[in-house]
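K.L.:
In the UniProt record's numbering, the protein residues as written are 1 to 625.
These aren't lab readings, by the way, just hints derived from the structure by calculation.
Where is the CB? At the ideal position from N, CA and C, for every residue including glycine.
Take the hints with a grain of salt, since some may be wrong.
What the hints assert, rightly or not - Lysine to any residue pairs mimicking SDA-like chemistry, simulated, CA-CA at most 20 angstroms apart:
#1 Lys76 - Ala138
#2 Lys17 - Lys93
#3 Lys456 - Met222
#4 Lys240 - Thr32
#5 Lys473 - Lys456
#6 Lys426 - Ala119
#7 Lys334 - Ala307
#8 Lys111 - Val125
#9 Lys512 - Ala477
#10 Lys147 - Tyr165
#11 Lys30 - Arg105
#12 Lys512 - Lys456
#13 Lys159 - Asp112
#14 Lys167 - His154
#15 Lys27 - Leu95
#16 Lys27 - Gln103
#17 Lys159 - Cys80
#18 Lys348 - Arg524
#19 Lys93 - Leu22
#20 Lys299 - Arg406
As the list claims (entries may be wrong) - Cβ pair distances, simulated, as ranges:
#21 Gln391 - Ser225: 39 to 47 angstroms
#22 Gly130 - Asp44: 16 to 24 angstroms
#23 Ala16 - Asn129: 23 to 31 angstroms
#24 Gly130 - Thr525: 44 to 52 angstroms
#25 Leu593 - Arg423: 35 to 43 angstroms
#26 Glu321 - Ser225: 17 to 25 angstroms
#27 Gln243 - Lys30: 51 to 59 angstroms
#28 Met530 - Phe239: 31 to 39 angstroms
#29 Lys17 - Pro47: 23 to 31 angstroms
#30 Ala371 - Phe518: 30 to 38 angstroms
#31 Asp344 - Val201: 50 to 58 angstroms
#32 Pro72 - Asp44: 30 to 38 angstroms
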Amino acid sequence: MVKRLLWTPLAIGFSAKDADTLLETLKASKITKSEPVPCTVCNDSAPHNMRYRLVRCSCKACAQEAPHAKCPWRGKTLHCEKLHTVDIFETGKHLTEIRAPTQPRLSAEMKDFARTMTAQGLTPVRIRNGIMRGFNLAPEDLPALAKVQRFCQHYASSKLGSNDYLKEMRKLVQDAAFNSEMDELESFTFTQDIDAGGLPVVGNGSDQNPFVVGITTKRLLMRASRDATSFILHVDATFKLNQLGYPVIVVGLSDCARAFHQVTLFVSSQRKEVHYIEMFPALHRIYRRVTGNEMIVDKVLGDADDAQFNGIRQVFRGNAEVKYLMCFYHVIAKVFEKTCAMRDPQAKRVMSGVYDMHFALSAEEFILTKARVIKQWAQNPELATFSQYFQAQWLTGRYTHWQVFRTARGWATTNNPVEQYNRTLKRHYTLHSRLKMGSLIGQFLTCCTSESLSGKTFASQPVIPASTLRRSKQLAAAKLLHEYMPTRGSIEFLLDNDDLTIPPESMRVISKPCPRVFDPEVGRTHEALMVTAQQGAHLSRMEIAEMPSFGWLVDTKARTCACRFYQKYAACISLAYALSVRGQLGTGQRETLVYRGPNKKRRLQSENQQESGRPPQSGYALNRR
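Work out the full structure, taking the sequences as your base and the hints as a guide.
P.N.:
Rendered as structure tokens:
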């Protein structure tokens, strides 16, 4: 027969805060039992539970008093979960009344602070530092980091869903599953397979039962409800977001201004063909349920991934076969890996040839450029192996569409828009840490709702990016970008060359190469400009390649230029400079009054302004300058 203990009440009907204060005055103890049972603390007739806890003495002084015996003291707390009143009882006496030094504990206020910070995604170290500053604690009164870690991890796992348990993952995905009555801003989950009740089927991530879950909103899906030729579908994988090592597949669109518009996020256990074949049909089906139409895609931009290529080809078939465009950055990255061991002159020759092929403006020009570059490589025995690799990988097969003429002007030719979005995911939602799967899906649900509220609009025409405007301004200040003005004493003016006839809405702009300086810290050269205005050597070469001696003819009305850089980006430094000179740039900034104060340095920033006194250079009488 179990011996019945005689419990002595220490507190009856205390509040939770007062009960914690009383328990802190007792000797050290640890919880041996904790479970919910029907409440007997309050008189409320409605059925509810209370938390029943048993504690045992863990004081080191009692353990030293009788090393081979247990302290007979016991404690019991009954916590009503409805009214939050607490009864405290004890039985037996301690072996000694001596109190061993106790380690600092987390008070109720500290626990509330830790719960709030844990919900915001802060790490236990930062939470502990916040407790020290917020409660003005001395170092000896600060709870140990291990205690803060255990409390935060237990709270996140039990209350915030930060775990990888399959049962809870299924419940989380099914609770957020799509239904037709949802608001267009409400995030939902979807999968390819559904059970008899219409709920998503979630696998355990094995080869036989993969884990593939999509997250999106109705408004995000409606972004793809437009002409298939007005966007490019981007598919890219990002990693290091969860502790299971599952990749996250980002699917979105880019417009003619290279702006990215998210459509959906997929969490997949692997990146094999079977996963893509399950992923894209799921997106196709949920799009049809939301919009009532078939999702038609004309162009897809991705990496050299056979599984991704096959999955896209099997699902997205519009009026014609979908065009799979190759990310040019992926091509350059692979070429760079192959040229790392080469001598600098050979590596530069390889990169120059690849960029020349990339900037070909037509299929005929690409064929001629390719033949010329391959011939140049063949003349160098050191490039024989690389030439064979490049021709087999990037000039034949399924990954050959990485040239400028494959897309219209201004459209993206790399996965850079979605790569920038991946950085946003890690910076704003995962805080550059690997989350548990439950927390990751919760963050993605929040992300999709937030993205739906962004109010992004599809660009109807290309725009000049801020980086090009900064570069144009820097080059103009360095006298490397200026307008061509034939003087009356020049041969061109006297011969009345027809090529120099400039229409009223046009301007001729001369661009000069920017000097490059060697940076010993990184071991390579860069342009002598601000970091935000710098470009790579091969990309800068396209701004002046084949430029006439009298500069590029820029049409400020049609916003066009003849340089190869413009043919790819639908914007260039020459166009930005011409629009700036003509006052047609339209940056969207507020117009201010012209400065007329005494500050000479500020006045002299204008190119046409000169200091007082005799001009340093005297020109001809008929000179227009």
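K.L.:
A separate judgement is required for each hint: does it hold in the structure or not?
P.N.:
Results for each hint:
1. For a cut-off of 20 angstroms, the pair hint linking Lys76 to Ala138 is broken: about 32 angstroms separates their Cα positions.
2. In summary, the hint linking Lys17 to Lys93 is not supported, as the alpha carbons are separated by about 25 angstroms, beyond the 20 angstroms threshold.
3. With a C-alpha separation of about 12 angstroms, the suggested pair Lys456 and Met222 falls inside the 20 angstroms cut-off, and the hint holds.
4. The hinted pair formed by Lys240 and Thr32 fails the criterion: a straight-line CA distance of about 38 angstroms is larger than 20 angstroms.
5. At roughly 28 angstroms between alpha-carbon atoms, Lys473 and Lys456 are farther apart than 20 angstroms, so this suggested pair is violated.
6. Taken as a hint, the Lys426 and Ala119 pair is honoured in the structure, with Cα atoms around 17 angstroms apart against an allowance of 20 angstroms.
7. For the hint pairing Lys334 with Ala307, the CA-to-CA distance comes to about 19 angstroms; that is within 20 angstroms, so the pair holds.
8. Straight-line distance between C-alpha atoms of Lys111 and Val125 comes to about 14 angstroms, which keeps the hinted pair within the 20 angstroms bound.
9. Between Lys512 and Ala477, the direct Cα distance comes to roughly 12 angstroms. Compliance with the 20 angstroms bound is thereby established for this hinted pair.
10. Restraint check for Lys147 and Tyr165: the C-alpha separation of about 24 angstroms exceeds 20 angstroms, so the hint is violated.
11. At roughly 12 angstroms between alpha-carbon atoms, Lys30 and Arg105 fall within 20 angstroms of each other, so this suggested pair holds.
12. Taken as a hint, the Lys512 and Lys456 pair is broken in the structure, with Cα atoms around 37 angstroms apart against an allowance of 20 angstroms.
13. Using a Cα cut-off of 20 angstroms, the hinted pair Lys159 and Asp112 holds, with the two alpha carbons roughly 13 angstroms apart.
14. The straight-line distance between the Cα atoms of Lys167 and His154 is roughly 18 angstroms, inside the 20 angstroms bound, and the hint therefore holds.
15. With a C-alpha separation of about 12 angstroms, the suggested pair Lys27 and Leu95 falls inside the 20 angstroms cut-off, and the hint holds.
16. About 11 angstroms separates the Cα atoms of Lys27 and Gln103, which keeps this hinted pair within 20 angstroms; it holds.
17. With a C-alpha separation of about 19 angstroms, the suggested pairing of Lys159 with Cys80 holds against the 20 angstroms cut-off.
18. Our distance criterion of 20 angstroms between C-alpha atoms is met by Lys348 and Arg524, whose separation comes to about 12 angstroms.
19. Taking the CA atoms of Lys93 and Leu22, the gap is near 17 angstroms; set against the 20 angstroms cutoff, the hint holds.
20. For the given pair, Lys299 sits about 10 angstroms from Arg406 by alpha-carbon distance, which is consistent with the 20 angstroms threshold.
21. Taking 39 to 47 angstroms as the suggested C-beta distance range, the pair Gln391 and Ser225 conforms, at roughly 41 angstroms.
22. A C-beta distance of roughly 37 angstroms is found between Gly130 and Asp44, which places it outside the suggested range of 16 to 24 angstroms.
23. Checked against the given bound of 23 to 31 angstroms, the beta carbons of Ala16 and Asn129, roughly 26 angstroms apart, stay inside it.
24. The hint said 44 to 52 angstroms for the Cβ distance between Gly130 and Thr525, and at roughly 46 angstroms that hint holds.
25. Distance hint check for Leu593 and Arg423: the Cβ-Cβ separation is about 39 angstroms, which falls inside the suggested range of 35 to 43 angstroms.
26. A beta carbon spacing of about 22 angstroms between Glu321 and Ser225 agrees with the range 17 to 25 angstroms that was offered as a hint.
27. For the pair Gln243 and Lys30, the beta carbons lie near 29 angstroms from each other, so the given range of 51 to 59 angstroms is not met.
28. For Met530 and Phe239, the hinted distance range of 31 to 39 angstroms is satisfied, since their beta carbons lie about 33 angstroms from each other.
29. Distance hint check for Lys17 and Pro47: the Cβ-Cβ separation is about 26 angstroms, which falls inside the suggested range of 23 to 31 angstroms.
30. The hinted window of 30 to 38 angstroms between Ala371 and Phe518 holds, with their beta carbons roughly 35 angstroms apart.
31. At about 56 angstroms, the beta-carbon gap between Asp344 and Val201 stays in the expected band of 50 to 58 angstroms.
32. A C-beta distance of roughly 35 angstroms is found between Pro72 and Asp44, which places it inside the suggested range of 30 to 38 angstroms.
The structure shown violates the earlier hints numbered 1, 2, 4, 5, 10, 12, 22, 27.
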